Amino acid sequence: MGRFIGVRLLHALVILALVTVLVFIIAQLMPGDGVLAAMAGSIDMSDASAVERVRKQYGLDQPILVQFGDWLARFVTGDWGTSIGGGEKVYDMFMRRLSPTLELFLGATIWSIGIGIPAGIIGALKRNSAVDVALTTGTMIGVSIPAFWEAIMLIYLLAVIFPILPPSGYVPFFEDPWLNIKSMLLPTFVLGTHSAGLLARYVRSSLLEVLGQDYIRTARAKGFSERAVIVLHALKPAMIPVVTVIGLAWAHMLGGAFFVEVIFAIPGLGRMSVDAIFQKDFPVMQATLIAVTLNVLLVNLLVDILYGYLDPRIRVRR
Amino acid sequence: MNDAPELLSVRNLTVDFATAEGLITAVDNVSFDLREGEILALVGESGCGKSATALALLRLIANPPGRIASGSVAFRGQDLLRASEDEIRDIRGNRIAMIFQEPMTSLNPVLTVGRQIGEPLMLHEGLREEALLEKCVKLLESVSIPEPRRRMGGYPHQFSGGMRQRVMIAMGMGCAPDIIIADEPTTALDVTIQAQLLELLRQQVETHRTALMLITHNLGIVARYADRVNVMYAGRIVESAGADDLYERPRHPYTIGLLRSVPRLDQPTAAKLVPIPGQPPDALRMPQGCAFHPRCPFAVARCRAEAPALREVGAGHAIACWVDVDG
Ligand SMILES: Nc1ncnc2c1ncn2[C@@H]1O[C@H](COP(=O)(O)OP(=O)(O)OP(=O)(O)O)[C@@H](O)[C@H]1O
Ligand SMILES: [Mg+2]
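Residue numbers (the numbering used here), protein chains in the order written: chain A, 119 to 436; chain B, 187 to 513.
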């Protein structure tokens, strides 16, 4: 198992290194000089010495390898440059926006696991019953409903018609835990809806497949009750493919997070990265790209570890 | 041994499967008895309904698509087909154990072998911790798994096919059941391991007066181990006899054909092997009358019209055939 994790970790590091290089190169290949483009309004572009000064200030006159080395060294030590838009340190900006987004991701994942897994299990156990049909319908809706529309409907229902929850806004947890939770209920639910539906589907079909296996018949032949068969013999193998789906859902959440953060006015990373793209704010873009990569790699690693725990066959393979 | 107390009495057992193409009667009106200390073989070609019969005894037929349409299975006087869920669960794995045909897929891949062997003991005998561990180690030893203590923590994929089948057998013997149903316990194993495992089962039968229902299509195994034989064809028992009797005087044309189609040690090597012509019938298009008549060299007009019931043709020897070919 330790060896298995070690190999995975090594993989992750190699990918991370590649992405760092790629991120740097992409910034180099961007049409126009990013810094200058962003500065176009504030300096006189015909003043060659002023342009030169700015290029020097951002190290753009150095050979590319040196630029990369410098950039990497600074990046690793937490100096991620300053945002071209606001002039703020990218690291500070990033860290400030990290916790709302993390909270959003966590909340959404809790929703999707809390709804998706039980719904899938019930659907499998009561397959083809009215309950199953209802759950499958709900699942379909959950998977296909557009996030922005769902958000607006929920705000209308739970903040306007029945004003139980705040319609938008964000309060850090440590300032006001209760208000924080209340204001995050809707956004996390909206962000988690899609993966809840996806999970329910996967859990249902995975459990159904496992229940048809020979070893489940063996468990029944031992005299276990149906409930014991499911809890002791079926759930663990049925969760193996589901873990991947949870990991994928988490890795793909940033896209959804953008909508949710805009609609609910949450100052998070999703919004920041989209703004950065529009503003050609490349220090911010680089930081988010690497953060996204890191996020995906970490989640994959976690999924692999869980996989190894759930499926002993994986532990020896490779 | 014929006067040993009767343990299991199966009457008119019928099992259906609803498939996309139509209803299959996999087991058709099957009746037989099983006595203490008896080894009863159930033989027949692939698909004739051997596994379905075995599964139906413990109500383990997957439903859907399967269904026990009718019949009764009396175990020590209690009808298992009408017992409550709790009652049948108390018997499964405890009084009647089943060893499945597929050793590669019948063990849970994500649970340790030790745990899976221990489960029936935990469930039915309430064994825990030390006592459970000791008993499991003993069981694994009895099926000659080397280093049983260490192997307990292993997973099925770390065991060879033969070892897995031994694990299955150990699992079945744990609660010292009254009946062991072994569904082709040794197919796909090499001959030495086969013999070893069957010896093991025979010992269990001899020392504990366990009844063994041995499902196989290996007639060599039948000749060597079984006391009685039920020959199945297309869902029905077509011949039932003592093992020696059956080999000496097979009386159903199907059995005769079956015995001619495999090499036998008790006959001159020159005896020619004759395969039975034709194919077993399609379960969806069962022929009218006796299901064997299209392949039967002795078929008469009545065979095409009417299915024969089992009838006594000698002491403890019954056949389902209109023509008694013997003599
Ligand atoms: N789950 C199922 N769904 C549909 N039909 C089935 C199912 N299980 C068994 N059958 C059918 O029932 C009949 C008997 O099957 P069974 O498994 O009892 O055969 P068998 O004698 O054990 O054969 P084998 O020697 O290959 O194990 C076959 O025609 C088979 O197609
Ligand atoms: Mg079978």
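Think of the hints as simulated: they come from the structure by calculation, not from any bench.
The structure presented is a predicted model; accordingly, all values stated were derived computationally and were not measured.
Using N, Cα and C, we set each Cβ at its ideal position, and we do this for glycine too.
Among the hints, erroneous ones may be present.
[As the list claims (entries may be wrong)] Example chain A residues on the side facing chain B (calculated, C-beta under 10 Å, incomplete):
#1 Arg126
#2 Gly225
#3 Ile228
#4 Leu326
#5 Gln331
#6 Tyr333
#7 Ile334
#8 Ala337
#9 Ala339
#10 Pro359
#11 Val361
Tested hints:
1. Nearest Cβ of chain B to the Cβ of Arg126 (chain A): about 20 Å, over the 10 Å cut. The hint is violated.
2. Annotation: interface hint on Gly225 (chain A) violated; nearest CB of chain B at approximately 30 Å, more than 10 Å.
3. About 25 Å separates the beta-carbon of Ile228 (chain A) from the nearest beta-carbon of chain B, more than 10 Å, and the hint is not met.
4. Of the supplied interface hints, the one on Leu326 (chain A) is violated, with its beta-carbon coming no nearer than about 12 Å to a beta-carbon of chain B, more than 10 Å.
5. A least Cβ separation of about 7 Å between Gln331 (chain A) and chain B falls short of the 10 Å threshold, and the interface hint therefore holds.
6. For Tyr333 (chain A), the suggested interface contact is upheld, since its CB lies about 4 Å from the closest CB of chain B, less than 10 Å.
7. Interface restraint check: Ile334 (chain A) against chain B, minimum CB-CB distance 8 Å, threshold 10 Å, status holds.
8. For the restraint placing Ala337 (chain A) at the interface with chain B, the shortest Cβ-Cβ distance is roughly 7 Å, inside the 10 Å limit, so the hint holds.
9. About 5 Å separates the beta-carbon of Ala339 (chain A) from the nearest beta-carbon of chain B, less than 10 Å, and the hint is met.
10. Proximity of Pro359 (chain A) to chain B is violated relative to the hint, the smallest CB-CB distance being about 13 Å (cut-off 10 Å).
11. For Val361 (chain A), the suggested interface contact is broken, since its CB lies about 13 Å from the closest CB of chain B, more than 10 Å.
Hint violations for this structure: numbers 1, 2, 3, 4, 10 and 11, all remaining hints satisfied.
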